[in-house]
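In our numbering, the protein residues as written are 60 to 304.
A hint or two may mislead.
[As the list claims (entries may be wrong)] Restraint ranges, calculated between C-beta atoms of paired labels, are given here: (1) Ile-128 x Thr-304: 18 to 26 Å; (2) Lys-229 x Leu-262: 16 to 24 Å; (3) Arg-273 x Ser-110: 13 to 21 Å; (4) Lys-229 x Pro-256: 29 to 37 Å; (5) Glu-103 x Asn-251: 35 to 43 Å; (6) Glu-103 x His-191: 14 to 22 Å; (7) His-191 x Asp-258: 34 to 42 Å; (8) Thr-222 x Arg-167: 35 to 43 Å; (9) Leu-188 x Ser-208: 36 to 44 Å; (10) Arg-283 x Arg-167: 28 to 36 Å; (11) Thr-222 x Thr-304: 27 to 35 Å; (12) Thr-304 x Pro-233: 27 to 35 Å.
Derived from the structure by calculation, the hints contain no laboratory data. Since this is a predicted model, take the numbers as computed values, not measurements. Note that CB positions come from ideal geometry on N, CA and C, so glycine has one too.
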Amino acid sequence: MNTYNRPKYALITGASRGIGRAAAEIFAENGYHLFLTCHNSMDELEHLAESLQSAHEINCLAVRADMGIETDVARLFTHIQHLDVLVNNAGMAYFGLLSEMTASQWHRIMAVNLDSCFYTCRAAIPLMLKNHRGSIVNVSSVWGAQGASMEAAYSASKGGMNTFTKALAKELAPSGIQVNAVACGVIDTAMNGCLSPEDMDALRSEIPADRLGRPEEAAELIFRTAQAPPYMTGQIITIDGGWYT
Numbered sequence: 060m061n062t063y064n065r066p067k068y069a070l071i072t073g074a075s076r077g078i079g080r081a082a083a084e085i086f087a088e089n090g091y092h093l094f095l096t097c098h099n100s101m102d103e104l105e106h107l108a109e110s111l112q113s114a115h116e117i118n119c120l121a122v123r124a125d126m127g128i129e130t131d132v133a134r135l136f137t138h139i140q141h142l143d144v145l146v147n148n149a150g151m152a153y154f155g156l157l158s159e160m161t162a163s164q165w166h167r168i169m170a171v172n173l174d175s176c177f178y179t180c181r182a183a184i185p186l187m188l189k190n191h192r193g194s195i196v197n198v199s200s201v202w203g204a205q206g207a208s209m210e211a212a213y214s215a216s217k218g219g220m221n222t223f224t225k226a227l228a229k230e231l232a233p234s235g236i237q238v239n240a241v242a243c244g245v246i247d248t249a250m251n252g253c254l255s256p257e258d259m260d261a262l263r264s265e266i267p268a269d270r271l272g273r274p275e276e277a278a279e280l281i282f283r284t285a286q287a288p289p290y291m292t293g294q295i296i297t298i299d300g301g302w303y304t
């Protein structure tokens with residue numbers, strides 16, 4: 060809820076669907092003005108922005124941006140003068156043998172999943188320093204700690220995100236800016252579309268909660284992390300139904 064007298068602003072990347080979309084909805088419900096990005100699904104993102112503006116009387120700007128490209132992120136930040144919360148949710152997966160992966164595929168995973176965090180954080184920090192406070196929430200994965208067969212690049216990018224989170228938290232703690240990550244288990248999003256029904260059933264049977272997580276559950280944890288007491292920083296918080304707890 061609103062703890063400031065002034066308006067609150069949040070940037071959520073990869074917001075056209077899944078966890079990003081659910082995060083946009085919960086931040087809008089709590090009065091945040093929003094900057095939302097996607098790369099390929101602008102029709103969906105613009106419709107979401109319009110519906111959130113109408114329902115919650117906020118300002119919501121939809122921006123097409125490839126978060127793995129430095130110039131796209133720089134262009135995005137020309138629209139942003141104030142920022143309280145940054146949610147680095149944009150990401151992509153690659154499922155396959157490392158021996159069959161091309162260098163361009165590897166670099167693309169790293170750009171979208173990890174380089175993007177560098178670009179956005181670098182641009183967001185000066186805006187947060189103005190108020191000596193702010194919250195950065197990076198959306199990570201359990202594979203960032205455990206590693207997954209056939210997902211070496213994705214696991215490496217999320218492992219990098221986790222240590223990036225911890226290191227940047229130490230750097231920014233004296234300035235009152237929190238940096239945390241939410242590490243998701245299997246969430247019911249389009250990213251899992253590469254799995255067959257049989258593989259999905261086998262995966263579900265390994266999860267103590269006996270189901271996939273809902274995007275709304277991940278989004279709620281992202282929002283709560285952004286609202287956490289200022290002393291909580293540098294944490295990797297897992298939401299996985301007890302899978303790797």
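**Asked** Taking each numbered hint in turn, which are not upheld by the structure, reported in ascending numerical order?
**Response** Hint check: 1, 2, 4, 5, 6, 7, 8, 11 fail, others pass.
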